[in-house]
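Chains as they are written, first to last, in the working numbering: chain C, 1 to 221; chain B, 1001 to 1616.
Derived by calculation from the structure, the hints in this document are not laboratory data.
Given the structure is predicted, the values throughout are model-derived calculations rather than measurements.
Treat each hint with caution, since some may be false.
[Stated by the list, open to error] For the chain B half of the interface with chain C, some residues (derived, Cβ under 7 Å), not all of them:
{"no.": "1", "residue": "V1078"}
{"no.": "2", "residue": "V1083"}
{"no.": "3", "residue": "Y1262"}
Beta carbons: idealized from backbone N, C-alpha and C, even for Gly.
One letter stands for each residue in the lines below.
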Amino acid sequence: MSAEPRFPTTADDARASRPHLSVVPDQRPEPGKEQRRPLSRALATRSQSNRWRVFLGLGAMLLALLIVLGLSITMASRQYDLVELRATEQALSQQNEALAQEIEFHQAPQDLAIRASQLGMVTSPSRATINLSTGEISGVPMAAQEPSEATDNLIAPPALADTQAYEEASIRAEEERKKKEAEAKEVEAKETEAKASASATASASAAPTSSAQPTQAPADR
Amino acid sequence: MSGKNSQDPIGSIKRTVGRRGFLTGTVATGGLALLGVRLAYLQGLDPNGLADEAREKRMRELTVPALRGEILDINGHVMARSVQRYNITVDQSAVGPFRRYQEGSDEAVEMSPTELVYELADILQMSDTDVKNALDGDLKYRIIKQNVTPAVYNKVQALGAPFIYGEILSDRKYPNGEVAGSVVGRFSIIEEPVAPDSTETRTRNNSVGIERTMHEHLAGSDGKRIYEISADGVRIPIGDEQMTPAVDGKNVRLTINQDIQYFAQQVVKARAKELKAEWGTAIVMDVRDGSLLALADSSTMDPGAERFELADMNSRALSQVFEPGSTEKILTTAAVFEEGLAEPETVYDVPAQLEIEGQTITDAFTHPAQKRTVAGIIANSMNTGTVMMGSELSREQRYNWLKKFGMGEYTGVELTGESQGLVADWREWDIRQQYTVLFGQGLAQSALQTSLIFQTVANKGIKLKPRIIDAIIDTDGTEEVLPVAEGQRVISEETARKTLQVMEAVVYQGGAEAAQVEGYRVAGKTGTAENVGEGSAVYDGWTTSFVGVAPTENPRFLVSVTMHRPKTTASAVGLAGTTAQFSQIMEKVLHTYKVPRSTSEPTETPKFAEGHDETG
């Protein structure tokens, strides 16, 4: 209802349409430059500002799209980087694991013992201590000597390992075993030689030296 | 006001536009509605589960396995660790010529399966025929080789064969093999079907040793990663992702010293071989906190091996019970001292053989009637004298003392396969048993239980629980050192000192001279027990042992060496028994831990009453 007064009445319509129609020819014979200029200017400015807005809008959209595109490209490529880095990480940790294992197998006491004996090392039979506050030495320190009977390594290297260290240890253990066998054969050969010379004393050398001999009657049961 | 009835050009334009709009709108809305319905149908209702299916196709669930913790010795040497291994598998149905791309070039080389067989055989160190056989056939899945290292797997992958796969798995490695194998134990958790043709599975835990008792700490918990992947198998960055991180297992540090363990195993194995014993075992313990430095057996399983003897799975020091024999006399002596019935110098009139309640008690050596002190009785390990001393205790007292020292009770050590031993109730003892328990016959105990008697005496009368776990180490390195369990006072300090004095007489005045260690005072006791063989009902074998501590003036270490059923007679084994082995191991331990030499001489205690000697 409040909008009603804005609408022209029927009479007004008639008038309005008529003057409008009549105004057009009125305006035609008066081509005022001053009148056109503002029109053209207004049109020009209007269209210009609209174009700017459209360009701005389109540009913004394009930019946004480009940003999104860029983002997703980086994200995707980062994803590939991630996969690559994970692979590197895995490779490194596998390498680390393998190396740590090598060390551990090298540290195994049975292998250490064989390696030491192959290098000609022996355990020192004696040890002495020095008291730093008095300078007193207890015990008789002696140079390490070749033990009269070598202590064989009786403990096999760890089974089923797949490290380099394990292979080396197995080879070493095998070497030791072969050496022992050869030694045993040598001893045997010597024995038979001695026996052949029909010496009665020869058999004594074959007697076990370290087996338990009852030095005393058993005192407990 | 009356404008509604008149011709309205604007209105008519509006109407026209409205009409067109209405049509377009209707079509558009209709289409939209159709799409909406379809959308709602697919997305909302989704009766065919298409969305779920699609999602499922994109979703990948990945179990992130927790890394099992390591088992370390007291010095941090690794005794068990988990490693990554692969099974190399093949899809036989896809085997055929394939194109191999050289690195750095786009050129492909055409490869035939035969060429691949030779290459694989070289990498996997298998025979050509084995590889060929594995590749032939039309199975979708077949394992070519199990358990290869990542290095081998990488080489196989580089071959570029699209039908060869690698299956990741975790393997447990035991770098020390047989050294402490029965202590560390073996990790074996098997998933098997409930019934032969059932899809349901159950988990069977066949682990032993520390691997079993400490499983809770070692295991950790698996993590899970759920994510969406694109067609090329790469994760969709903005897709759903759920991540439950894996919690790696904790490391467990034992009290075992692998060098001493190795040495003890060597010594025990050599001696068992020499005596042709069924088995032998050695214990090395720190008497002040009960820490076990070694639990050595004559034969031990290698946890990494495929085959081993069942009997080698657990340490015999705690799994095997036997009649201990004379080592038990130390318990009797300590009980007699504590009850105030005797002193080390108290004299007993020991007859040639003892007649008591119609039972005849004899000694392992013949002797006339003698006037012996307690030290003299124990030094030469006389059954007669021990029964005379011990029978002053009531039967119930004897039983209670056995119980106080923990005989017939689990020690509670964190290992599998422990035996409880057997101490019959005193009311059920037969007429002979009541005396034989005093010198270690007629009851069964493990070497570990027996060593606890000596630990108690050496630790000023306080009995401790044997300790095998030193610390539990978190993944970030935080160490949680397990405290020493509170001990139990069994005998007074004074009694412990006196008992130790008697034990020293065994080594320096008795028959166990071979047990001496140069530079250190040693105290201990031999034991030569009769035993009943498996499936036998008569005493037909022997167990010879020696348990000792050093240095006597302030005992720190205990070593116990036992040989079970040597294939020689008791008299051939004689007193040598395991004393020399004790001495070797003890010397090694004392040197390793740089124990200062003893500064005092061993206490001399008279073995006979004043003015008397062996002749009576």
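Results of checking the hints against the structure:
no.: 1; hint: V1078; in the structure: holds (5 Å)
no.: 2; hint: V1083; in the structure: holds (6 Å)
no.: 3; hint: Y1262; in the structure: holds (3 Å)
The structure shown violates none of the earlier numbered hints.
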